[in-house]
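Trainee: Those protein sequence lines, which keep their order, are chains G and L.
For the first sequence, the numbering used here gives the first residue as 1, with consecutive numbering after it.
For the second sequence, the numbering used here gives the first residue as 1, with consecutive numbering after it.
Just to be clear, a hint being listed does not mean it is correct.
Claimed, not checked - In silico EDC-like cross-links for lysine to aspartate or glutamate, where the CA-CA straight-line distance does not exceed 16 angstroms:
| hint | chain 1 | residue 1 | chain 2 | residue 2 |
| --- | --- | --- | --- | --- |
| 1 | G | Lys2 | G | Asp31 |
| 2 | G | Lys144 | G | Glu118 |
| 3 | G | Lys2 | G | Glu58 |
| 4 | G | Lys12 | L | Asp32 |
| 5 | L | Lys140 | L | Glu174 |
| 6 | G | Lys90 | G | Glu145 |
| 7 | G | Lys90 | G | Glu58 |
| 8 | G | Lys12 | G | Asp42 |
| 9 | G | Lys90 | G | Glu123 |
| 10 | G | Lys12 | L | Asp176 |
| 11 | G | Lys144 | G | Glu123 |
| 12 | L | Lys140 | L | Glu14 |
| 13 | L | Lys307 | G | Asp53 |
| 14 | L | Lys307 | G | Glu58 |
| 15 | L | Lys307 | G | Glu61 |
| 16 | G | Lys62 | G | Glu75 |
| 17 | G | Lys12 | L | Asp131 |
| 18 | G | Lys90 | G | Glu136 |
Said to hold, decoys possible - Here chain G is said to cover these stretches of chain L; the calculated rule only asks that three of the stretch's residues, wherever they fall, bring their Cβ under 8 angstroms from a Cβ of chain G:
| hint | region |
| --- | --- |
| 19 | 120-129 |
| 20 | 173-181 |
| 21 | 299-311 |
Calculated from the structure, these hints are not laboratory results.
Glycine residues also receive a C-beta, built at the ideal position from the N, C-alpha and C atoms.
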Amino acid sequence: MKHTLSVLVENKPGALMRIASMFARRGYNIDSLAVGPTERHDVSRVTLRVDCDQHPLEQIEKQMHKLVNVLRVAELEPGESVERELALIKVSAPPARRGELLALAEVFHARVADLGPEAMVFEVVGTPEEIDSFEELVRPHGVKELVRTGRIGLTRASDRQGIKRRQHVLR
Amino acid sequence: MNGADAVLRSLEAEGVEVVFGIPGGAVLPLYDAMARGTSIRHVLARHEQGAGHMAEGYARASGRVGVAVATSGPGATNLVTPIADAWMDSTPLVCITGQVRTHLIGTDAFQECDIVGVTIPIVKHSWLVQDVEEIPHVLKAAFHVARTGRCGPVLVDIPRDVQEAEIEFAYPQEPDLPGWRPPRRVHPRQVAAAAEALSRAEKPVLYVGGGVLNADACAELLELAETARAPVVTTLMAKGAFPETHELFFGWPGMHGPKWSNWAMNTCDLLVAVGARFDDRVTGRLSAFAPGATVIHLDIDSAEIGKLRAVDIPVVGPLRDVLAGLAAELRARGDEPRTDGWLRQLEAWRDEFPLRYTRNGDLKPQTVLETLRDLTAGRDDVVWTTGVGQHQMWAMQYLVCDRPRSFITSGGLGTMGYGLPAAVGAKAARPDATVVCVDGDGCFQMTCQELATAVLEDLPIVVVIVNNGYLGMVQQWQNMFFDDRLSHVHLTHQVPDYAMLAEAYGAAGFTVSTEDELEAALAEALSLGRTAVVDCRVDAREQCFPMIPAGAAAMELIEFEEAEEVA
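Next up, chain G with everything else stripped away, as it sits in the complex (with noise of 0.2 angstroms):
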């Protein structure tokens, strides 16, 4: 079972490395990782992604929250949040396959990032499942290189904290 974790932490040297290790340690592995700045410029979020049971999850939470520079630790839940990635896909794109591709790319909002003689940079953004759905799709066409961002993630605008976990049991 994935899950996705969203960390705030002190905008301090090593407080990335500090996760890292505490995950390292504990013999998690890390699916995805995002850090970037917040609202506030002296606090990051981390959004991590695992996949562990509910258990393991807990143990994790509870040992993030032991970390001096965390400040807090939460679970995005499927539909009480919002999930974002960006992945930027080099494929290859022969003048004959194009109207194709761009065909496919609009489906799915992505942007033509650059465009060579053979091959052209898509630029995707959206939730991680579309990602997976327009990477299936274009790799037939043949994926020279491909980066995602990880995926972030904010509780919805609608969102009243503290309640959501339970709403999230009762669906």
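Keeping the supplied structure of chain G fixed, place chain L upon it in accordance with the hints.
Mentor: Relative to the frame of chain G, chain L by itself:
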């Protein structure tokens, strides 16, 4: 003043009385500040590992934060073992290391080591101080983190130029730690649930770990045990947290615990873990551990709840409040404890399965411990330390500790060589006490250079070497699980001559080879008032029983007699 002065003024503001360390290039400014004047005593160790273990011994004997100082590079890396030890045993420790000048960091400069990076997995937190203005704030935070929540080690790495920079010193009142919020309160509903389970239990056991000592909650523990009439077992880390002469005391659980203690733990209907962490050396095979028990877990660290064993009633919070709240709740309920039958059962098991060994004319290690026990009976001023191995397990089994912080040992990390420097540190904390290190010959040789520290710093300790001429515990495992193919474990009884070595360091040396010589030598060493080493040359192949083989269920423990039959 400069940054180094600011470090000392910060330590003074924290009430630090003594630090343990060794100078070197990257801490020259700090040592110069010491030379210019401070109220803090500096104990000069002979190896940074010794300094670290001394700081640990000091912390465990006093309940205060231990402080160790080392230079950059090798000085700092020599502290890694004590830091890991303090991490595993939750000992509050502040390690201050020098670092190369900031402009040299990252250049592989002389004696440069990224000690913050090296120690990240084994510290609660660490700081590389980049600006002299940070020094008071970092030290305030360092002491606060080390001793609040679950205790443990922190590291402060200070580059030499930061120590030399000028600062206007002001020590902050409060630490600036927005992300550090250990539990301060106890959930009353959880306490009530625990009290109800405890009052209903017919076969409860209080499984007490080192957290009770760190929380200074031994009086509250005693009150709870007496209110609930619940038997108490203490882990190796908690030996002495509950008076061992008390009628409710039933020994120590785990790999070399007596049968009655392990049977109590594993057949109880309610297991109350108090500041304990279900270590594999305690539980044996986890899936077979205390199979019929409802589990209450009382701990300051919520991450320990359910880490290894599923918990029915968790109570997270400071153990003093938790234990006092639980006792108060029990009294308010007013139920009559229903544990009489259970206590009689445990007493019967204790009578039926006492610790045993054969006296055959050779000097037996158990006899050494029994003699030490008898020579110190009734005294409340003895602090024991140990190394790690067979002698440590015999010390657990045979010494009687009625007072908190009177038994100091390396539990989680199992650090050979811990005992002697820890004794020096304990003596610094308790100058009034008679500090006795029960050591193995293997352990002793790992840190015996600190005899110089004990002698020259006027911190007299008594070291009793249970000298079997072997790395005894490894020998025992090779004997039991590798068909007695002894592989590189023979140290010999004679080399070094420990009594001569002691005398070379200016300590008193005794050699004991027979039972007849034992009592007089130990009694004299204990009464000398100066550092003494008693080399007790014991039966080389005496094995330590009972024993739960690694990975076996606790109920499958091997007793002394059975092992003899196999042999």
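Trainee: Between the alpha carbons of Lys90 (chain G) and Glu58 (chain G), is the straight-line distance 16 angstroms or under?
Mentor: 38 angstroms, violated
Trainee: Quickly compare the C-alpha distance for Lys12 (chain G) and Asp32 (chain L) to 16 angstroms and report which way the hint goes.
Mentor: Cα-Cα ~31 angstroms, so violated.
Trainee: Below or equal to 16 angstroms on CA atoms is what counts here, so check Lys2 (chain G) against Asp31 (chain G).
Mentor: 9 angstroms, holds
Trainee: Does Lys12 (chain G) pair with Asp176 (chain L) here, judged by a C-alpha cut-off of 16 angstroms?
Mentor: Judged against 16 angstroms, a Cα distance of about 13 angstroms means the pair holds.
Trainee: Is Lys144 (chain G) close enough to Glu123 (chain G), meaning Cα to Cα at most 16 angstroms?
Mentor: 14 angstroms, holds
Trainee: Is the hinted pair Lys90 (chain G) and Glu123 (chain G) satisfied, with a Cα-Cα distance of at most 16 angstroms?
Mentor: 9 angstroms, holds
Trainee: Are Lys144 (chain G) and Glu118 (chain G) close enough, with their CA atoms no more than 16 angstroms apart?
Mentor: Holds. Lys144 (chain G) to Glu118 (chain G) sits at ~11 angstroms (cutoff 16 angstroms).
Trainee: At a Cβ distance under 8 angstroms, does chain G reach at least three residues of the region 173-181 of chain L?
Mentor: That given contact holds, which follows from 4 residues of the region 173-181 of chain L lying within Cβ reach (below 8 angstroms) of chain G.
Trainee: Check the hint pairing Lys307 (chain L) with Asp53 (chain G) against an upper bound of 16 angstroms on the C-alpha distance.
Mentor: The given pair, whose Cα atoms are some 13 angstroms apart, holds under the 16 angstroms limit.
Trainee: Checking one constraint from the list: CA of Lys307 (chain L) to CA of Glu61 (chain G), max 16 angstroms. Satisfied?
Mentor: Cα-Cα ~12 angstroms, so holds.
Trainee: Do three or more residues of the region 120-129 of chain L come closer than 8 angstroms to chain G, measuring C-beta to C-beta?
Mentor: Result for this restraint: holds, n = 6.
Trainee: Report holds or violated for chain G covering the region 299-311 of chain L, Cβ cut-off 8 angstroms, minimum 3 residues.
Mentor: Result for this restraint: holds, n = 6.
Violation of the numbered hints given earlier is confined to hints 4 and 7; the remaining hints are satisfied by the structure.
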